[in-house]
Amino acid sequence: MTVLQRLSAWLDVRPNEVRNVTLAFWGAFLVMSFAILARAMREALYLTAYDVKTLPYIIAAVAVISVPTVGLFARLLLRYSPRKVVMAVQIALSAGLALIWPFLGRSNVPGAEVVAFYLLTALGTLLLTSGFWVVISEYFAVRGAKRLFGLIGAGGTAGTMVTGNSLVWLTRRLDLPWLVILLIAIIGLFFIAQSLLPPLTGAGHEGDDKARTSIPESLKLTWDTPHLRTLAAIVFAVAIATTLLDYQFKEFAQNSFTTQEGMASFFGAFYGWVGGVSLVIQLLLVSRFLALAGIAWTLAVLPAVLLTGSVGMLVAPSLFLITAVRGADAALRKSLYRSALEVVYVPIPSIVRRKTKTFIDSVVDSVGEGLGAGIVFGVVTLLGLHSRFLSLFIIAFSLALVYLSRRMGSQYFATVTEQLQESGTRVQAKDSGARLESRDLLSGTFTRIDVRSLVREGALTQETEADQAPVSAERPMAADAIKATLMSGDLKALNQVLDIGTDWQEEHVAPLTRLLARDQLVDRTIVSLLDAGEIAVPHLAKLLRSEHTDFVIRRRIPRVLGRMGGEEADDALIDALAANRFEVRYRAAIAIVRRRRHDMPRSPRWSDAVIWEAVRAEIGRGRAVWEMQKLLDAAEKDELVAERVGVRGELSLEHTFRLLSLVMEPEVARAAFNGVMLDDENLKSFSLEYLEQALPADVRKRLWPFIGDVSEYQREKSLRPLDDVVSDLMKTGATLFGDATHREALKDLLEDKGDKD
Numbered sequence: 189m190t191v192l193q194r195l196s197a198w199l200d201v202r203p204n205e206v207r208n209v210t211l212a213f214w215g216a217f218l219v220m221s222f223a224i225l226a227r228a229m230r231e232a233l234y235l236t237a238y239d240v241k242t243l244p245y246i247i248a249a250v251a252v253i254s255v256p257t258v259g260l261f262a263r264l265l266l267r268y269s270p271r272k273v274v275m276a277v278q279i280a281l282s283a284g285l286a287l288i289w290p291f292l293g294r295s296n297v298p299g300a301e302v303v304a305f306y307l308l309t310a311l312g313t314l315l316l317t318s319g320f321w322v323v324i325s326e327y328f329a330v331r332g333a334k335r336l337f338g339l340i341g342a343g344g345t346a347g348t349m350v351t352g353n354s355l356v357w358l359t360r361r362l363d364l365p366w367l368v369i370l371l372i373a374i375i376g377l378f379f380i381a382q383s384l385l386p387p388l389t390g391a392g393h394e395g396d397d398k399a400r401t402s403i404p405e406s407l408k409l410t411w412d413t414p415h416l417r418t419l420a421a422i423v424f425a426v427a428i429a430t431t432l433l434d435y436q437f438k439e440f441a442q443n444s445f446t447t448q449e450g451m452a453s454f455f456g457a458f459y460g461w462v463g464g465v466s467l468v469i470q471l472l473l474v475s476r477f478l479a480l481a482g483i484a485w486t487l488a489v490l491p492a493v494l495l496t497g498s499v500g501m502l503v504a505p506s507l508f509l510i511t512a513v514r515g516a517d518a519a520l521r522k523s524l525y526r527s528a529l530e531v532v533y534v535p536i537p538s539i540v541r542r543k544t545k546t547f548i549d550s551v552v553d554s555v556g557e558g559l560g561a562g563i564v565f566g567v568v569t570l571l572g573l574h575s576r577f578l579s580l581f582i583i584a585f586s587l588a589l590v591y592l593s594r595r596m597g598s599q600y601f602a603t604v605t606e607q608l609q610e611s612g613t614r615v616q617a618k619d620s621g622a623r624l625e626s627r628d629l630l631s632g633t634f635t636r637i638d639v640r641s642l643v644r645e646g647a648l649t650q651e652t653e654a655d656q657a658p659v660s661a662e663r664p665m666a667a668d669a670i671k672a673t674l675m676s677g678d679l680k681a682l683n684q685v686l687d688i689g690t691d692w693q694e695e696h697v698a699p700l701t702r703l704l705a706r707d708q709l710v711d712r713t714i715v716s717l718l719d720a721g722e723i724a725v726p727h728l729a730k731l732l733r734s735e736h737t738d739f740v741i742r743r744r745i746p747r748v749l750g751r752m753g754g755e756e757a758d759d760a761l762i763d764a765l766a767a768n769r770f771e772v773r774y775r776a777a778i779a780i781v782r783r784r785r786h787d788m789p790r791s792p793r794w795s796d797a798v799i800w801e802a803v804r805a806e807i808g809r810g811r812a813v814w815e816m817q818k819l820l821d822a823a824e825k826d827e828l829v830a831e832r833v834g835v836r837g838e839l840s841l842e843h844t845f846r847l848l849s850l851v852m853e854p855e856v857a858r859a860a861f862n863g864v865m866l867d868d869e870n871l872k873s874f875s876l877e878y879l880e881q882a883l884p885a886d887v888r889k890r891l892w893p894f895i896g897d898v899s900e901y902q903r904e905k906s907l908r909p910l911d912d913v914v915s916d917l918m919k920t921g922a923t924l925f926g927d928a929t930h931r932e933a934l935k936d937l938l939e940d941k942g943d944k945d
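Under this note's numbering, the first residue of the sequence shown is numbered 189, with each subsequent residue one higher.
It is worth saying that the hints were derived from the structure and are not from the lab.
What you are looking at is a predicted structure, and each value in this text was computed from that prediction instead of being measured.
By construction, the Cβ of each residue, glycine as well, lies at the ideal position given by its N, Cα and C atoms.
Keep in mind that the hints are not guaranteed to be accurate.
[To be verified] Quick list of the computed label-pair ranges, beta carbon to beta carbon:
1. Ser795 to Asp707: 32 to 38 Å
2. Ile253 to Ala584: 24 to 30 Å
3. Ala300 to Ser402: 28 to 34 Å
4. Val468 to Asp787: 53 to 59 Å
5. Asp239 to Pro884: 55 to 61 Å
6. Leu502 to Ser598: 29 to 35 Å
7. Pro884 to Ala504: 43 to 49 Å
8. Thr242 to Glu855: 53 to 59 Å
9. Pro537 to Arg785: 27 to 33 Å
10. Thr242 to Phe291: 18 to 24 Å
11. Ala504 to Glu801: 53 to 59 Å
12. Ile539 to Arg888: 30 to 36 Å
13. Asp867 to Val499: 51 to 57 Å
[As the list claims (entries may be wrong)] Taking lysine to aspartate or glutamate pairs in the EDC-like style, the calculated list, with each CA pair at most 20 Å apart, reads:
14. Lys730 to Asp763
15. Lys241 to Glu231
16. Lys730 to Glu695
17. Lys671 to Asp719
18. Lys671 to Asp691
19. Lys889 to Glu801
20. Lys272 to Glu326
21. Lys671 to Glu694
22. Lys730 to Asp719
23. Lys671 to Asp687
24. Lys730 to Asp759
25. Lys671 to Glu695
26. Lys730 to Glu694
27. Lys671 to Glu722
All chains, full assembly: derive it from the sequences and hints.
Set out below in C-alpha cells:
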C-alpha cells in the first residue's frame, strides 16, 4: 500500500461522508484559526495595557456577560436551525469587530476599546466553538462521531498550528489592530463553509414556538440528568484547573517578555507548536484511542498530565516547565479531551443537546474560569503567595477529574443503552406491519420466525407456536389399542386417537414421538406430548441429545421441551445448544428463551458462563456463513446460492443474538439486533456502540467483521478466499448445500470465479 492509501485506510472516511467531513474539517480549521488569532491579540493588547493581576477581573466579566448571551443563544438554537443561528452569530461578530477596529491603537492610553475587544472576541469564540459542534453533532450518529470527530478536530488543531505560527510573521509586518481585518475575513470563510453543508432531514424543526428554554431551565435539565451533570462537572473542573495553570504560565511569560510584539510572538509560537502536537494526536491517535480505551480512559489522560505537571511546579517552578505543562494541557484539550467531550454529547437527544450544550460549554466553563480567577485573586493578590501554590488546587481538581472521567464512562454507556432501547422501540413500532422477508427478519418477534416464507427448499419448515387446542370428547380407548394405533401409520386412525385426549402412558411416548416427523400431525402430536407431561421428558431429552435421531423429529422436540416444567427438560435444551445441526441449536435457543420468559424451572447447570460458551461456539460455526455472505455481497453471484447463504446467515446471526439475550438485558439485545439488521443509521450506531462496550473482547473481535462498522480495507483483510470459506462450510456439515441443486449452483459459482481468476 502507498502512504496515501495507508492514510486513507487509517482515517476511514466512507464515500457518503466525504462532503460533510471535508466541510466540517475546514469549519473547525477556521473556528480555531479565529480563536487563536483573537486570543493572542486580546491577551497581548490587554497585558500591555493592564497589569496581569487585573486578569481575574476581565475573566470574571466574561463569565457574567456570558450568562444572558448564552441564554439568548440557546433559545435561538431551539427556535431556528442551529446552522442559521451560528451564521447569524458570525454576522453579528463581524459587525462588532468592524465597529471596534477604528478605535484600536488610536489612543496613547488604551482603555475601553481593549476591554470591548477582549469581551467581544472571548464571547464570540465561545458561541462559535459551541455552535459549530452543535451543528456538526447533528450530522453524525454516535459511531460516526467516535470515528470522525478526531479527524474533524484535526482541522481545528491545524488551524491552531497554522495561525499560531503565522503570528510571528504577521506581527513583524502589521500592527495588531490591522489583524482585525484578518479576523473578519476568517469569519467570512467560515460562513461560506457552513452554508455549503447539506440541509438536515428529521433533525428538529424551525419555528417551533413551544421549544423554549432559559438559563434556569438549562441548569435544571443539566442537574437532573446524570449524564449531563457529570459532563458539566468535568467541564467545570477542567476550566478551573486550566485557569490556574494559565495564570502561572502568563505570569512567567510577562516576567520574561517586556514588549507587546515579543509577547505576541511568544504566544503565537506557543499556540502554533501546541497546534502541531495536537494535529499529530488527532490524526494518528484520537479515533483509535477512543475505540480501544473508551470514553473514561480518554477523558482521564488530561487530568493525569495536569497532576504530574503540577507536582513538578511545586517542586521546581520554571518557565520551561510551566510552558511544557501548559502546552501538554492545551494539546490534549484540543485533541483527546475535546474529541471525547464532543462524542459524549452525541447520544443526548437533539432537543436536550440544544438546550444544554452551549450552557455547559460557555456558562459552566465561564463560571469555572471565574472561580479559578477568584482562587488566583485570593491566593496571589490577597494572601500575596507565590503562584506556585496554585498547583495545590490544580492537583486537587485533577484528582477529582480522574474520578469524574471514570464516572462519565459509566454514564455514557447507560445513556447509549437507554437511547438504544428507545430507538429500537420506535423502529419496531414503525415496522410492526412489515412482512418477514430475507432482509427484514426483525419485523417479526425475536423468539419466532416464519421460516417457510424464507426458505423455499423446505430444509427449515414453517412451525407456528403450538398452544393446547380443544379436543373432542370420545370414548376412551384401551392403552394397548392406543399404542397399536400410534404404530399403525393409518392417518385417519391417528387423527382420531390424537383428538381423544386420553391419559397417556409411558409406553405411548416413543410411538407418539415418532409422529413428530409427519407434517400433517405435528401440531396435535405436540399437544398430546404436552398432555403426557413429565413421563415424556426422559425419552424426548434422550432423542434431543442424540446426533443419530431422525433430524425432522429432533428439530421439533425443543418446541415440546420448551413447555415442559421440569429441570430435566431445561438441561436437555442446554445440551442441544451444542448440537451439530444448526436447526436444532436454533430451536433449542427459542425454547430456552420461552422458558426464561415464563420463569420455568432451570437446570442446575444453568449459568451465564454456559451461554457465553455457546455464543463463542456459535460465532465459530457461523463465521464461514457470514464470510460467504460478505464475499457474495461484494461479487457477481448466483442468485440461488446468494439467497440460500443470505437466509442461513441471517438466521445464524439471529440465533447468536438470541443467545446474547439470555446473558444481557433481553430488550436491549433485541434492539441491538434490530440495529444490526434494519436500515436505520441512528439505531445501528447506538447498537454497535452498545455492543462494542458490552461484549467480551474475544467475542467482539470475532463478531465485529460481520456486524461492525469496519472500513473496506478492514473488511477485505478479515475475509478469506471464497474457496477456503466453502471448504470450511462443507467440513462443518452445514446443510446449506445439502441437496443436488444447491451443490450444483455452488459448483458453478466457484468455477466462474476460477475462470475469472
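To see whether the hints hold, each was checked on the structure:
| no. | hint | in the structure |
| --- | --- | --- |
| 1 | Ser795 to Asp707: 32 to 38 Å | holds (37 Å) |
| 2 | Ile253 to Ala584: 24 to 30 Å | holds (28 Å) |
| 3 | Ala300 to Ser402: 28 to 34 Å | holds (31 Å) |
| 4 | Val468 to Asp787: 53 to 59 Å | holds (56 Å) |
| 5 | Asp239 to Pro884: 55 to 61 Å | holds (59 Å) |
| 6 | Leu502 to Ser598: 29 to 35 Å | holds (32 Å) |
| 7 | Pro884 to Ala504: 43 to 49 Å | holds (46 Å) |
| 8 | Thr242 to Glu855: 53 to 59 Å | holds (58 Å) |
| 9 | Pro537 to Arg785: 27 to 33 Å | holds (30 Å) |
| 10 | Thr242 to Phe291: 18 to 24 Å | holds (20 Å) |
| 11 | Ala504 to Glu801: 53 to 59 Å | holds (56 Å) |
| 12 | Ile539 to Arg888: 30 to 36 Å | holds (32 Å) |
| 13 | Asp867 to Val499: 51 to 57 Å | holds (53 Å) |
| 14 | Lys730 to Asp763 | holds (11 Å) |
| 15 | Lys241 to Glu231 | holds (13 Å) |
| 16 | Lys730 to Glu695 | holds (15 Å) |
| 17 | Lys671 to Asp719 | holds (16 Å) |
| 18 | Lys671 to Asp691 | holds (12 Å) |
| 19 | Lys889 to Glu801 | holds (15 Å) |
| 20 | Lys272 to Glu326 | holds (14 Å) |
| 21 | Lys671 to Glu694 | holds (10 Å) |
| 22 | Lys730 to Asp719 | holds (19 Å) |
| 23 | Lys671 to Asp687 | holds (15 Å) |
| 24 | Lys730 to Asp759 | holds (11 Å) |
| 25 | Lys671 to Glu695 | holds (7 Å) |
| 26 | Lys730 to Glu694 | holds (14 Å) |
| 27 | Lys671 to Glu722 | holds (19 Å) |
Of the numbered hints listed earlier, not one is contradicted by the structure.
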